[in-house]
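Chemist: Fit chain B with the ligands to the supplied structure of chain A, relying on the hints for placement.
Sequence lines, in order, name chains A and B. Under this note's numbering, the first residue of the first sequence is numbered 1, with each subsequent residue one higher. Under this note's numbering, the first residue of the second sequence is numbered 1001, with each subsequent residue one higher.
Just so you know, the hints here were simulated from the structure itself, not pulled from any lab data. Quantities reported herein were computed from a predicted structural model and do not represent experimental measurements. Watch out, some of these pointers could steer you wrong.
Facing chain B, a subset of chain A residues (Cβ under 7 Å, in silico) [said to hold, decoys possible]:
1) Ala26
2) Thr41
3) Asp48
Not everything, but these chain A residues come out facing chain B in the computed CB check (under 10 Å) [what the hints assert, rightly or not]:
4) Thr29
5) Glu32
6) Gly50
7) Pro63
8) Thr80
9) Gly102
10) Gln105
11) Cys106
12) Ala137
Simulated DEER-style distance windows between Cβ atoms [what the hints assert, rightly or not]:
13) A/Thr12 with B/Gly1176: 50 to 60 Å
14) B/Ala1159 with A/Asp75: 33 to 43 Å
15) A/Glu36 with B/Glu1061: 27 to 37 Å
All C-beta atoms, glycine included, are put in the ideal place defined by N, C-alpha and C.
One letter stands for each residue in the lines below.
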Amino acid sequence: MPPQHGARRTITLAVNGRAVEVRVTASRTLLEVLREDLGLTGTKYGCDLGECGACTVLVDDEPRLACLQLAVEADGHRLTTVEGLAVDGTPHPLQAAFVALGAAQCGFCTSGMLMTAKALLDAVPDPSHEAVCEALAGNLCRCTGYVKIIEAVRLAAADARVPGRPEPAEVAR
Amino acid sequence: MTVLRLPPFDLIAPRTVAEAADALAHHGPSARLIAGGTDVLPNLKRGLAAPDVLVSLAGVESLRGIRPAADPRPSANGLRGPTRPPSTGAPEGITIGAATRLNRLMADPAVCQSFPVIREAVSQIATPTLRRMGTVGGNLCLDTRCTYYNRPALWREGAGDCMKHEGDVCRVAPGGERCWATLSADLPPVLVALDAVVRLTSARGDRVLALGDLYRDDGLTHLTLAPDEILAEVWVPVWGSRAAFLKLRPRCAVDFASLGVAVAVDVADGICRRARIVLGAVASHPLRVPAAEAALCDRAPDATAIRAAADAAYDAARPMDNADQPPAYRRQMVRVMVARALRAALGQPPSTR
Ligand SMILES: Cc1cc2nc3c(=O)[nH]c(=O)nc-3n(C[C@H](O)[C@H](O)[C@H](O)COP(=O)(O)OP(=O)(O)OC[C@H]3O[C@@H](n4cnc5c(N)ncnc54)[C@H](O)[C@@H]3O)c2cc1C
Ligand code: SF4
Ligand code: FES
Ligand code: FES
Chain A
1 MPPQHGARRT ITLAVNGRAV EVRVTASRTL LEVLREDLGL TGTKYGCDLG ECGACTVLVD
61 DEPRLACLQL AVEADGHRLT TVEGLAVDGT PHPLQAAFVA LGAAQCGFCT SGMLMTAKAL
121 LDAVPDPSHE AVCEALAGNL CRCTGYVKII EAVRLAAADA RVPGRPEPAE VAR
Chain B
1001 MTVLRLPPFD LIAPRTVAEA ADALAHHGPS ARLIAGGTDV LPNLKRGLAA PDVLVSLAGV
1061 ESLRGIRPAA DPRPSANGLR GPTRPPSTGA PEGITIGAAT RLNRLMADPA VCQSFPVIRE
1121 AVSQIATPTL RRMGTVGGNL CLDTRCTYYN RPALWREGAG DCMKHEGDVC RVAPGGERCW
1181 ATLSADLPPV LVALDAVVRL TSARGDRVLA LGDLYRDDGL THLTLAPDEI LAEVWVPVWG
1241 SRAAFLKLRP RCAVDFASLG VAVAVDVADG ICRRARIVLG AVASHPLRVP AAEAALCDRA
1301 PDATAIRAAA DAAYDAARPM DNADQPPAYR RQMVRVMVAR ALRAALGQPP STR
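Chain A with its partners taken away, still in its complex shape:
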């Protein structure tokens, strides 16, 4: 069969718990589909070349750069974007901690930071300072200098609502 450049195919994505069908060509990235077709603009378009982490989303709970992920290759997978972090209007502990510590300035890197940090906390409920730095090594921020972001991730880790956390603790102020 000759290559069909413009050929569209229908893919199914489970985005933030909701199944959606989209018709896409092979050369569209997941980032384009999320922002342009599904209107989910919380995921940011930074460098578009894999260098900044602003476009990080979770595919089957693992962080992926949406700018380097072909949408057709995400067919049938589960996606979580920053829009899916809050539950019934209650911010995720990471979001609460970012607000409490002022870990977002312009906010452009924030959704990528939150998604990468969520995957970290889901795997390691109480990460060390070094583990947080290592996990976020691919998420660039031009504003904060990172200190508040790293503190916020560790503050969120101390929050009882993070799954896997052994004992309840207060979110320190």
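Modeler: The following block gives chain B with the ligands in isolation, referenced to the frame of chain A:
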């Protein structure tokens, strides 16, 4: 805002290696393999290629995984090295499938135990998220890089294209006939130092060759891989050698190497029997330095021998002005880092010099 769009292409998603090989054979040079896509896709967005078809290895299960295995070379018995232990029936090495993700390789218990140097090198590749996407095969077959090449179309319009993409001069060495783009991937020097062997497959059959023979020192066609061939797996022998990898770059994450140094040494009874010294990111292929290896072998690997090896590596390295840090600095660092890597591999304390 300018959005970098991918050029149009069709994606073929085979389930088996045979299907992937058939797709490459059928579509010829207009097809390109994609594994994790972390190198292919940025380059397509930069307008550096426009394949009609991408053949994806993402769904080819059999290319993933790590397992103990014997030497795949038919004449393996004739190729045993001097210090290779007599066969005890234990596995002689490990085979890594080309589509194995870098984070899996780093976390594999057999790799961590037998080859801590592989773990060390992989942990310095790109970023944690990119290591979940990028594969071993994509790393070994990574395109060469250059300051004048890995740029968006708009940048290249201003500066002018070069030999590696539709131009006819080299902007790094304008008088010359060749392209000096560097092989900046981190696994090639490490696995060449470990004497790895690769199996290539195509619709025409299989080939097994030393990893070093996969490369040539030419920035335009640095791989000896034919357009219809797929790197299926890489086999790494367990030699009991001690190895180290050091990487120079501006930032300690994200950035490609501006110099990589991989060394492996076998020492028995205080005498160095075998040495491999391989430099990354200073040539279009992993640069082995036989003179540096010879300076260490058949003698005690003491400070004098290490200094001689480091000097020989310095003499052999000719970095060009096409990577992140200035070539004179990178060349000086060859001497420093080869000595450091050898001391680390030999378990000697770092020098104060
Ligand atoms: C911001 C950034 C930083 C990076 N930093 C580093 C770094 O520090 N060190 C480093 O080594 N790399 C780095 N990389 C490059 C890349 O992420 C890794 O090298 C990765 O391992 C490439 O694998 P892939 O599967 O994504 O390759 P792909 O992009 O899928 O493929 C790369 C090339 O290999 C070919 N190919 C892939 N698989 C095969 C196969 N089985 N047989 C034959 N050909 C094949 C493809 O056709 C293509 O030409 C970086 C990338 C980015 C975007
Ligand atoms: S080394 Fe020369 S020809 Fe090769 S990519 Fe750089 S400028 Fe172009
Ligand atoms: S936008 Fe994807 S990494 Fe920068
Ligand atoms: S808050 Fe501005 S980039 Fe991070």
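Chemist: So, for every hint listed, does it hold in this structure?
Modeler: Hint by hint, here is what the structure shows:
no., hint, in the structure
1, Ala26, "4 Å, holds"
2, Thr41, "12 Å, violated"
3, Asp48, "4 Å, holds"
4, Thr29, "7 Å, holds"
5, Glu32, "8 Å, holds"
6, Gly50, "6 Å, holds"
7, Pro63, "5 Å, holds"
8, Thr80, "14 Å, violated"
9, Gly102, "24 Å, violated"
10, Gln105, "20 Å, violated"
11, Cys106, "15 Å, violated"
12, Ala137, "4 Å, holds"
13, A/Thr12 with B/Gly1176: 50 to 60 Å, "53 Å, holds"
14, B/Ala1159 with A/Asp75: 33 to 43 Å, "39 Å, holds"
15, A/Glu36 with B/Glu1061: 27 to 37 Å, "32 Å, holds"
The structure shown violates the earlier hints numbered 2, 8, 9, 10 and 11.
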